[in-house]
Amino acid sequence: MAAGKNQSSSKQRPPKILLAKPGIDGHDRGVLVLARAFRDAGMEVLYAGLLPTPEEVIDTAVNEDVDVIAMSLLNGAHLTVFKRVADLMKERGIDDIALVGGGTIPEEDKPALEALGITGNYGPGTPLSTIIEHVRKRAAEAREKKMGQD
Amino acid sequence: MEDHKGFWHSKLREASERNSSSKDESLEKWRKNTLEPWEEKTGYKPREFINSSGIEIKDVYTKSDLPEDQEKFLGLPGEYPFTRGVYPNMYRGKEWTMRMFSGFGTPEDTNARLKYLISHGETGLSIAFDMPTLYAYDCDNKRADGEIGKCGVNVSSLKDMEVIFDGIDLSKVTTSMTINAPAAVLTAMYFSIARKQGLSLDKIGGTVQADILKEYIAQKEWIYPPEAHIRIIRDMMIYCTENVPRWNYISISGYHIREAGSSAVQELAFTLADGFYYVEMGKKAGLDVDQFAPRLSFFFNSSINFFEEIAKMRAARRIWATALKEKYGAKSKRAMMLRFHTQTSGYTLTWQQPHINIVRTAFEGLAAVLGGTQSLHTNSYDEAMALPSEEAVKVALRTQQIIAEETGVTDTVDPLAGSYYVEWLTNRIEEEAYRYFDKIESMGGILEAVKSGYIQREIATTSYRRQKRIEEGKEVMVGANKYVESEEKPINILRIPGEAQERQIKRLNEVKATRDGKRVAETLERLRKAMEDPDKNIMPFLIDAVESYATLEEISNVGREVYGGWKEPIII
Numbered sequence: 017m018a019a020g021k022n023q024s025s026s027k028q029r030p031p032k033i034l035l036a037k038p039g040i041d042g043h044d045r046g047v048l049v050l051a052r053a054f055r056d057a058g059m060e061v062l063y064a065g066l067l068p069t070p071e072e073v074i075d076t077a078v079n080e081d082v083d084v085i086a087m088s089l090l091n092g093a094h095l096t097v098f099k100r101v102a103d104l105m106k107e108r109g110i111d112d113i114a115l116v117g118g119g120t121i122p123e124e125d126k127p128a129l130e131a132l133g134i135t136g137n138y139g140p141g142t143p144l145s146t147i148i149e150h151v152r153k154r155a156a157e158a159r160e161k162k163m164g165q166d
Numbered sequence: 122m123e124d125h126k127g128f129w130h131s132k133l134r135e136a137s138e139r140n141s142s143s144k145d146e147s148l149e150k151w152r153k154n155t156l157e158p159w160e161e162k163t164g165y166k167p168r169e170f171i172n173s174s175g176i177e178i179k180d181v182y183t184k185s186d187l188p189e190d191q192e193k194f195l196g197l198p199g200e201y202p203f204t205r206g207v208y209p210n211m212y213r214g215k216e217w218t219m220r221m222f223s224g225f226g227t228p229e230d231t232n233a234r235l236k237y238l239i240s241h242g243e244t245g246l247s248i249a250f251d252m253p254t255l256y257a258y259d260c261d262n263k264r265a266d267g268e269i270g271k272c273g274v275n276v277s278s279l280k281d282m283e284v285i286f287d288g289i290d291l292s293k294v295t296t297s298m299t300i301n302a303p304a305a306v307l308t309a310m311y312f313s314i315a316r317k318q319g320l321s322l323d324k325i326g327g328t329v330q331a332d333i334l335k336e337y338i339a340q341k342e343w344i345y346p347p348e349a350h351i352r353i354i355r356d357m358m359i360y361c362t363e364n365v366p367r368w369n370y371i372s373i374s375g376y377h378i379r380e381a382g383s384s385a386v387q388e389l390a391f392t393l394a395d396g397f398y399y400v401e402m403g404k405k406a407g408l409d410v411d412q413f414a415p416r417l418s419f420f421f422n423s424s425i426n427f428f429e430e431i432a433k434m435r436a437a438r439r440i441w442a443t444a445l446k447e448k449y450g451a452k453s454k455r456a457m458m459l460r461f462h463t464q465t466s467g468y469t470l471t472w473q474q475p476h477i478n479i480v481r482t483a484f485e486g487l488a489a490v491l492g493g494t495q496s497l498h499t500n501s502y503d504e505a506m507a508l509p510s511e512e513a514v515k516v517a518l519r520t521q522q523i524i525a526e527e528t529g530v531t532d533t534v535d536p537l538a539g540s541y542y543v544e545w546l547t548n549r550i551e552e553e554a555y556r557y558f559d560k561i562e563s564m565g566g567i568l569e570a571v572k573s574g575y576i577q578r579e580i581a582t583t584s585y586r587r588q589k590r591i592e593e594g595k596e597v598m599v600g601a602n603k604y605v606e607s608e609e610k611p612i613n614i615l616r617i618p619g620e621a622q623e624r625q626i627k628r629l630n631e632v633k634a635t636r637d638g639k640r641v642a643e644t645l646e647r648l649r650k651a652m653e654d655p656d657k658n659i660m661p662f663l664i665d666a667v668e669s670y671a672t673l674e675e676i677s678n679v680g681r682e683v684y685g686g687w688k689e690p691i692i693i
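Protein sequence lines correspond, in order, to chains A and B.
Note that the working numbering has the first sequence beginning at 17, numbered continuously upward.
Note that the working numbering has the second sequence beginning at 122, numbered continuously upward.
Simulated from the structure, these hints should not be mistaken for laboratory data.
Please note: incorrect hints may appear among the correct ones.
Said to hold, decoys possible - As a list, the in silico EDC-like pairs of lysine to aspartate or glutamate whose alpha-carbon atoms are at most 20 Å apart:
1) B/Lys324 x B/Asp266
2) B/Lys595 x A/Asp56
3) A/Lys106 x A/Glu80
4) B/Lys610 x A/Asp125
5) B/Lys589 x A/Asp125
6) B/Lys595 x B/Glu283
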């Protein structure tokens, strides 16, 4: 059946990741390193560029049918801005795209982000392998959900 | 003079010739008779010794690694080419300025902090702005939600600046404002406050960063396309040279280039290339290089590879002096002197075992002092996680005081001069910088190299290579990839209260309700006309606009309409 065909083709497809800095923040060293690292790890990578709004990030993610939005902020606004992305996704009923965060995120902020479904929340100095493994896991979960909907 | 075609190409050729080391027979003998047997006996396993710039470091350096006329490239302190320092007695005469950068929350918070610092004898104020201010969005813009006061103080209109400087006599302090894209607007606000205090503009002094080239390269905080920002900086340069002689209108910054992932050589080369561009801009605007070049100052990073950083700073002074004299025709010593501020590296700090960052910062600060810095900001140990707490800032300041008053490194000028290794490395870094200048020259200049994305890609490639080396354990970050602890104890960090945003929006609404709307519209219209005419200087129009209480975003929106925005070239 069509569903079965979809399943096998999307199983072969590599994880598709949208990297984004959805705030007013130009610190892009980390996000540029991750773009190359994810690509080298066999993932398909899109980068939303600098200064996208949360709405633009979600639109791109939906149009491109990504598995994960990986967000990075180093300006201390993660609790507001990451949350806005999560809230907008909920409003629009999107549950088959996983949200992953990273940046200068204090330990004590992590539970609040986790509660919004934003996982990872890795700080500077986290091994790339740890981040890649986590993103891959979250991508697989999102892919499962996508297939459930087919 | 500016079209000195191939200037850097010939400098590169000279340097490579000079640096090709002569054969040292006694060293060959030492290798064969002493080193090799020792390595065999001790089971030495060859490994790689390279620094951040990819320069391979040899086992030992001797006189044969230096050119015969090495002395000529050193000079004495306070003399051309200033390799050994810009002042004759350096820290024996006066310590470097310990300038700790700060600013957060509302203008009231910052005003209280400034008054506290002034009451403790500080006269050099330094102000950080939040992200919406840096990108010229007012506090009530939807995009600014959650960002007000987070990374610095918020300024949406002249009213906010009035509060920041309330009760502070601008003739008695100098103010450094870390602002780039909207630097001319903030400068206009500062001048306006001086005028309200009854001061003529030759009585005030200060610095804005306003280095827009490094924004496109590294920090990525711009509003308009490069040419528009460059024109505005040109206007500020001309206006200040004529009216505000103590205003340093550009601080040419390598710090952010390094933090964005460059090597030491890339930081040096791209920063100086930016500097050359500003010199050429001033000359093109008809200004006298001996008059404006002394107003240009630099801002470098001090990272963790000790000797590489020191060599970088020594090379920077030599290259700048050489270029100003030989390429740009400067005659005064002051115009050839590269003076710089240094900040220790934020990137080298780990969130793991944060207290060990104190040690990293101490070494980096020491390198800056041995490199001859004029002022220094030492980072706090908690900065991999947040803005520094008061306790952490105090430790960072004390670190500088220990370097200055306990270690004895300030007892003599440029104590590392004559070290075979340090001089060799200084020469090599200089040569590598020339290689980049040659390349940039062949691409049509730094602006073209930035607009094509070449510079940004060079940095991204270096950054990724370094990250992979860390991943593979070839480079060590203690606590992060070696000597890792299974559990991390949390430390207290600074939190910014949320009410800053509400208070700022309330003030902005009051400003809009009480100002003369007709006057605002008129000043903005005149500003638009000035912006559209490249032969006009926009500074007086900017001052009129801020004095009518047009907001930062309204003023910048005029520019957004005239010049448009900017999307960076694809880097990855």
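Taking the hints in turn, this is what the structure says about them:
1. B/Lys324 x B/Asp266: Outside the cut-off at roughly 38 Å; violated.
2. B/Lys595 x A/Asp56: Within the cut-off at roughly 19 Å; holds.
3. A/Lys106 x A/Glu80: Status holds; Cα separation ~18 Å.
4. B/Lys610 x A/Asp125: Holds, at roughly 15 Å.
5. B/Lys589 x A/Asp125: violated, 28 Å
6. B/Lys595 x B/Glu283: violated, 52 Å
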